[in-house]
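Undergrad: Listed below, chain by chain, are the residues.
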Amino acid sequence: MKRRDFMVGALAASAGAATGASAKVSTPYDFNTMPPLDDREAFIEWAKTNRGEDERFLSERWSRYRAVVANKDVATDRDKRAFLMTPREEFVLKKNLRRAYDHAFLDIDYGVTISGPHIVSRMTTVIDVKQGDKVLEIGTGSGYQSAYLANLTDKVWTIEIIKPLAERTRGIYDALIAKGYTEYKAIASRASDGYYGWEEAGPFDKIIVTCGIDHVPPPLLQQLTTGGVMVIPVGPPGAQRVLKVRKEEAPDKSIQVTRSDIYGGRIVPFVPFTKLEGDAIKGTHNK
Amino acid sequence: MTLPARLVPTEMRLDLPLYFAVALLAGAVIALQIGIMRVFSVGNWAHFGSLVVSLAMLGFGLTSAAMCVTTAWFERHWKGAAGLSLLLFGPLAVGSNLLAQQVPFNAIFLVSDPSQKWRLAANFLLYLIPFLAGAVFLGTMFLKAREAFPKVYFADLAGSGLCGLVFLGAMYVVLPANLIVVPLGLWFLAGLLWFASLRSLSFLAGLVAAAILSLGLHFALPAKTGIPTLATSDYKGVAYARKFPDAARVYQAASPFGLIEVYSSSYLHFAPGLSDNAAFNLKKMPSNAYLGMYIDGDGPIGIIRKLPADETAYFRFLPMIYPYLLKEAPETFVVQLGGGISTSVALAGGSTSVTVAEGNPAILSALRDDRFLRDFTGDLLRDPRVSAVDQDGRLFLARTDRRYDVIDLSLADSAGLSNPGGFAIVEKFGYTREAMAAYMRALKDGGILSVTLWNKEEPPKSVLKLYATMAEAAKEAGGDPAKSFFAASSYLSTTTVLYKSGGFTPDEIEKLRAHTKAMSFDVLYHPGFEVDEGAAKATLENYRNQIFFDMAALRKDAAAPEGEPPPGGDLPPPGVESDAEPTVLPSVTLGRLAWKRLLTGGWDEFSRGYVFDSRVLTNDRPYFAAYVRPADLPRVTDRLELLQDEWGYLLIWATFGVACLAALALVLLPVAFGWRTIFSRQRGKAGTITYFACLGLGYIVVEVGLISNFVLALSNATVSASVLITGMLVFSGFGSFVSERFIPRARTTMPVVFAAIVALLVAYALALPLVLDAIGALPYGLRLLACFALIFPPAFLMGFPMPTAMSWLARLEKESMFVWAWGINGSFSVVGAALVPILATSFGMGSVLLVAACAYLIAVPAFFSVLKPKPA
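So the sequences go chain by chain: A and B.
First residue of the first sequence: 1, per full-length UniProt numbering; consecutive thereafter.
First residue of the second sequence: 1, per full-length UniProt numbering; consecutive thereafter.
Because the hints were derived from the structure by calculation, they are not lab data.
We put the CB at the ideal spot given by N, CA and C, even for glycine.
A couple of the hints might just be wrong.
[Stated by the list, open to error] Residues from chain B that face chain A, not an exhaustive set, calculated with beta carbons under 7 angstroms:
#1 L230
#2 D234
#3 Y235
#4 A239
#5 K243
#6 D246
#7 A247
#8 Y267
#9 H269
#10 A271
#11 A279
#12 F280
#13 E458
#14 Y491
#15 A518
#16 S520
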């Protein structure tokens, strides 16, 4: 890969330094547990009790969740659950804690960003991760994307090219696991060149590439199962278009790859950064 | 001429060393400007360099406004004011730079992160400080020596111009982080001359101390503390390469053509536009096949290793292979060498000879002369089949009598995967209608022109301009364009257009279609291709709505109670659309419709209906930028992040806005403080303001506008800028010097001078592209001479108006007006500099000179206001 462009991911100042935003998780993780999806107060109460999370971030998470739902960036209750169960505040830099649930991408050092919550949700929803799917992420970055995935499947692999960032994010996972976020045990991570994928762990049902590249790396296409889907954001952050690549078997048994957008071939309005007040979008950050 | 006895300055007569001091300090100021721009180019984003520097130049306006209301004080304390400001310039320049580099800002977060605005403001204010010191010194000189203004002005202009040349030379030997030593050196010499002439030992001692302090601040302090003197943004291309565990810098060279760095790392992978199908048809991709080349930290451009034949199999899956599918053993011309990949593909494609051009001598010299790079590339440029041309391919092909089977222009620029800001607005003369026509003319009968461009925008922008430009060039070239094109693209990857002289045969079309299918690319056009016109209206409307949807409706929808329809209309939930998914992507439909309209009629209407400007590139308007139409600008302010790749363009509008406000404030400041007091007894105030505003604007508009124009002949923006800065300032300085003789007769001579300036500018606006194109064919030395000769007439005459009017203000004892006039001139220079790119991108470079001509025309009646004497 040429170099890290702008990637999905997140956190804190030094390796393993948790933000201190949450206490210990009191209830063991269970894929079948469903937090309240329709009521702000009930959700906050539930998460405080079962996850030991901070009320302020829970409130912000709920507001962003409403915007994500309104924008159809999540489709099913499983997607909604994954969004609500992932503490984004643990994956942003301390200096950006107050903006953890903003629409915008945020700096996480090393020339890398944590993508905005909408694009993370949208990309994850597009690859439609089933329980038990094997998912590979190229570009660990902040770790937020894989943390989100870990709420959809228990088989996640993630590769980061920048070693100190990979180590920092691994530290965050380990600290969170120690705190009781046992779902992150599903994440296998390493620092290496994502261009070559993770051959010994493949093939993968879904691949998310979150770094700049002038072509789709052939090794990744090879490690994708037939019928598998890969998504890649292209372009500058904020104006990223997501490329969706599907690997299929043609009637003549040959393998075909098709490129498409994630909007089903429709031209949809691009929503700029929105500003939330309560549950309502009150304009953009630019006005 | 002789001045009336009462006006001969009594306190101060400038002798030669003092003129030199003025010249050197003016040179230090311009060297500092270029130095700061280099720091921003290498560490951050070039556009912010221009922004910071042009706003810092407002320091001159600010100083003049302040001096204008305190003229009497400066009259009395001129020695101290000049001495102190001179003394401080060096340490302030170094200190400001060092501090500014500790508060780096990041353009990509400018919209989303509020703190970035303050960082930008801090940069602007810090870089303003040394210019204030320079302005106080020069302003005091102008004020004190106002009777000899034409000579002082000559020193100022000629000093600036020649020191610009000194800076250009220094760029060959000094790395960008240390280029600040050039203004420091000039400043030190200026100080030596000045204080020695005045025999001021204490100031001389102070100067030496200040110089030691400055050098210490720049070299010793950072070395000791580890703070950077040039902070490279983490988001610059080169910053990523440096983070790869096995990265090693294998080459570095600084020159006016940029800081070139080459890194080796196993983490660098290039295969621009590779078909996805390569994954299932190739055993493996070659590893360690590239080095990454970065110019001013931007890139990478992949330098290709000499690959054994069995490792070049993947070339077949690159879009640039297309022409070699049809041509056997062709004689090939590669328009731009870059990192050599097109040349390697041409050789692997069976070319019997490859002529390759490169307009950047620094790249050519790296690949031709550096031992390591020669070994890595297998000495590509010395391959017996390869001959290199050290000029733009466009210029070479326009002049040569040789004809080629294949002419290739593929992905000449780096992958452009990220930019710390947005995409720069640069002249792309290689992609203009004129250039395309030259390529088409240089084809043998049946020869193929192959152009590949990145297709990573959605909605598509640059590719539409390319299609329109090539189609129009083909019409000029003759033949039937509808039979001569083939176009194919890959979604969010690349697009390739083939033009065949004389048209494609059915067999060839079939071959190209089969290959396109095998690559899973999308055919956009071939002779006989059918397109459903019915989709045109909806496609255009939807693309327009994609950007300019109704935000109010969106808000209303989003605020609706739960359970009601969310925004996005009938947007399907993602991931579940496979059944309903149309087989053709909107961008492909758009491309197909565009080609049909371009070749069979109806393009103008189609283009007007599209969300972005898709007019052709011409030598007058050679920009892949400015896609947002000026009329749409008010509607993008609340959705800037959707147009992040247009920030370069949007920034010039922002700069223009800020410059106008600042200029207005600087005009109003003295007015508010002194209209009824200082200026009350001076007639013709409004006319005088208009006059100097017109001069400031007109002069800089010509200078900056011609820099873009002259790239046409000189092939390189840095050389062009140097030639123009030096030529304009030195010749105008000469004009200023000569103008002294005509001061008493100004009432009759100046209208003639103005008429000549206006006539020249109008003539240049009309004829310059043709003349420069012809000059481009000459050997480089002659090109430089011809360019200087072209600059001389207008520049010489444009040296007259300013000193003539200033001398008259001095003669008429309008001292406050005198100082103020200089500031107005400076403030409107900033406005003019910001106006040029807006005019050039929207209306073409010819319009720039016409606007300048208008400014000089308006100055004629205004000149007579300047001559109005004070009431008795």
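Undergrad: Hint by hint, say whether it matches the structure.
TA: The hints, checked one at a time:
1. L230: Constraint on L230 of chain B not satisfied, violated at 16 angstroms.
2. D234: Check passed: Cβ of D234 of chain B comes within 3 angstroms of chain A, closer than 7 angstroms.
3. Y235: 5 angstroms, holds
4. A239: 5 angstroms, holds
5. K243: With Cβ-Cβ at 5 angstroms, under 7 angstroms, it holds.
6. D246: Constraint on D246 of chain B not satisfied, violated at 10 angstroms.
7. A247: 10 angstroms, violated
8. Y267: 5 angstroms, holds
9. H269: At 5 angstroms from the nearest chain A Cβ, H269 of chain B passes the 7 angstroms test, so the hint holds.
10. A271: 5 angstroms, holds
11. A279: OK, holds: A279 of chain B within 7 angstroms of chain A, min 4 angstroms.
12. F280: OK, holds: F280 of chain B within 7 angstroms of chain A, min 5 angstroms.
13. E458: 4 angstroms, holds
14. Y491: For Y491 of chain B, the interface hint holds, since the closest Cβ of chain A sits about 4 angstroms away, which is under 7 angstroms.
15. A518: At about 10 angstroms, which exceeds the 7 angstroms cut-off, the nearest Cβ of chain A leaves the hint on A518 of chain B violated.
16. S520: Interface hint status for S520 of chain B: holds (6 angstroms vs cutoff 7 angstroms).
Checked against the numbered hints listed earlier, the structure breaks hints 1, 6, 7 and 15; every other hint is satisfied.
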